[in-house]
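2 protein chains.
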Amino acid sequence: MTETLEFINPEDVRRISCIGGGPIGAGWAAHFLAQGYDVTSYLHEPSEQQAFHDIVDTAWISLEALGLAEGASRARLTLTYDLEEAVSAAQFVQESAPENLKLKQSLYQQLGDLVPENIVISSSTSGLTMTEIQRHCSTPQRTVVGHPFNPPYLLPLVEIVGGEKSSKAAVNWSCEFYQVAGKAPLVMNKEIPGFIATRLQEALWREALHMVANGEATPQQIDTALINGPAPRMALLGQCMAFHVACGEGGMATNLDQFGPALKLPWTRLKAPELTQELRDRMVNGCNEMAADRHFKELAAERDRGIVAILNAITALQNNSS
Amino acid sequence: MTETLEFINPEDVRRISCIGGGPIGAGWAAHFLAQGYDVTSYLHEPSEQQAFHDIVDTAWISLEALGLAEGASRARLTLTYDLEEAVSAAQFVQESAPENLKLKQSLYQQLGDLVPENIVISSSTSGLTMTEIQRHCSTPQRTVVGHPFNPPYLLPLVEIVGGEKSSKAAVNWSCEFYQVAGKAPLVMNKEIPGFIATRLQEALWREALHMVANGEATPQQIDTALINGPAPRMALLGQCMAFHVACGEGGMATNLDQFGPALKLPWTRLKAPELTQELRDRMVNGCNEMAADRHFKELAAERDRGIVAILNAITALQNNSS
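Going down the list, the sequences are from chains U and L. To convert, take the position in the first sequence, counting from 1, and add 396; that gives our numbering. To convert, take the position in the second sequence, counting from 1, and add 396; that gives our numbering.
Hints in this document: simulated from the structure, not taken from any laboratory. Since the model is a prediction, treat every value here as computed from it, not as a measurement. One or more hints might be untrue.
Identical chains blur together in the list; that is why a pair holds if it fits in one copy or across any two.
[Unchecked claim] Here are the computed lysine-lysine pairs in the DSS-like style, where the Cα-Cα straight-line distance is at most 30 Å:
no., residue 1, residue 2
1, Lys660, Lys586
2, Lys498, Lys564
3, Lys667, Lys564
4, Lys498, Lys561
5, Lys660, Lys561
The following block holds chain U by itself, in its conformation from the complex (with noise of 0.2 Å):
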């Protein structure tokens, strides 16, 4: 059965089901509506109508000034509290159900056999993982994780894992998926807690609570330091590529090998791994992709204006505010 398995072309998608009516099911709901896809929304009672609506109005100011594509209307949506209902015609299903085991596992159970297997099941869990949410579902196949970043009709990130029952295919499919209807997915090898872009965050996150908890900066100072310091450039080109861009001709090499003793000063209460020669020709690897053939000199300049456009229109909005 799963060897005949044949996904619809991912640009052929049309219809899509979206469980879950809380602020990342309707963020999502919206957002495929912005990108002029038919969407039905399967929410738990009626009592949510309400809320949901408000996420989606709240959700359409910003996409239309992002850009919408055509046709796309709020008229394309479909409200039901019926499971059945909700998946009959779906070719994608985005399930954003409330972050509980039991409940997810009996869900994907139903789903499992209410869907044709042929349609990709892809879950916004941010805490749990597919292999255990696949759990008692008939059809795991075709079963991933899409896990977008809050909020989702405006972060791009999707990351996507698929549980030890999930096909390559699926996730393969997923990743074709996402980046047609106007996401930026990145497809993970490994199932690890937290994946990688709240890793990041948390450990940031970890270390400014240990210092307002000690008395060394407050959340005001937190904010203050990341919004005026790293993030407009992380914003532009992540951590590694800032890295890279920042020591010259030499790039990441330099960054390690001159400043990686760093790495053993108390600059941060986490412990950096040790600086294998492995790691070190993954990290100079990766950013000479990354880099392609592009000078350092180019990098910089791009760097340069990128951050001057994140100034610029900050600095324009609070100027349109005030």
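Once you have looked at the hints, place chain L on chain U.
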């Protein structure tokens, strides 16, 4: 003597001396020139001159795009290889010599005698403390750390902290001066390794290195995750307010009370501090102060407008360069 010390009004500063011709020293010179100051830069030797000018010229492109102050001109730059001449007319000294403690101690010993003691001398050091640097200085009261973020002509942050012998007046004066000079000053109460911004960034960086070392992520995945996930939000709000706004009406209180247990999850290799009532209150009060009287819906709308502005600015830039 120290009681009668009278600093110049920060708004009356016209002449600045920059010590050091590397990327930080040259970047500072470019920034101050763009703000309309007369700048005298001290370079160690003539061989540094070409690289120095290259940095200033590169920086100038961005500084023009950000907007020059009236009268700002690169013609108001003077170069010298004579330390005494470099500081003879200075109303403020920004020191960006190499990160070598003995070298800096000897330099502050000289500067301490050369520069009138009502003139503030501020160090760009990122890894040393002013308590160490000022050890052999005869007039240490007016010496402080004023740590910029790279590139110093673009990122607004300056972390200010005094050493044991620095006067509170010098620290306060520096804060006022950097504000007047177009920077975002952050006065710290404690000398801690890495100050605030680098500690936050370093925690994230070390988690990234662990993930690459363990085959959990590649440098490309690290950067993709940051650029499309937490970083644009962080550039706008920092991290405390990002969580505060994400949690709706309840704000940071909801974040900590509801998701506090997640601090025990293995979402990073850095263990969180214990979430005491005191830590909780500091976080909640800090965020409430930043929110002031703005309702969370207003904050969320501001966040969305800001993220849209940042994403659109980056997209416009990419379209222009392709």
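Status of the hints after comparison with the structure:
1. Lys660 - Lys586: Classified as both; 28 Å inside a copy, 21 Å across copies.
2. Lys498 - Lys564: Answer is within; shortest intra-copy Cα gap is 25 Å, inter-copy 58 Å.
3. Lys667 - Lys564: neither (35 Å within a copy, 34 Å between copies)
4. Lys498 - Lys561: Cα proximity of Lys498 and Lys561: one copy only (18 Å, versus 60 Å across).
5. Lys660 - Lys561: between (41 Å within a copy, 28 Å between copies)
Against the hints set out earlier in the document, a violation occurs for number 3 only.
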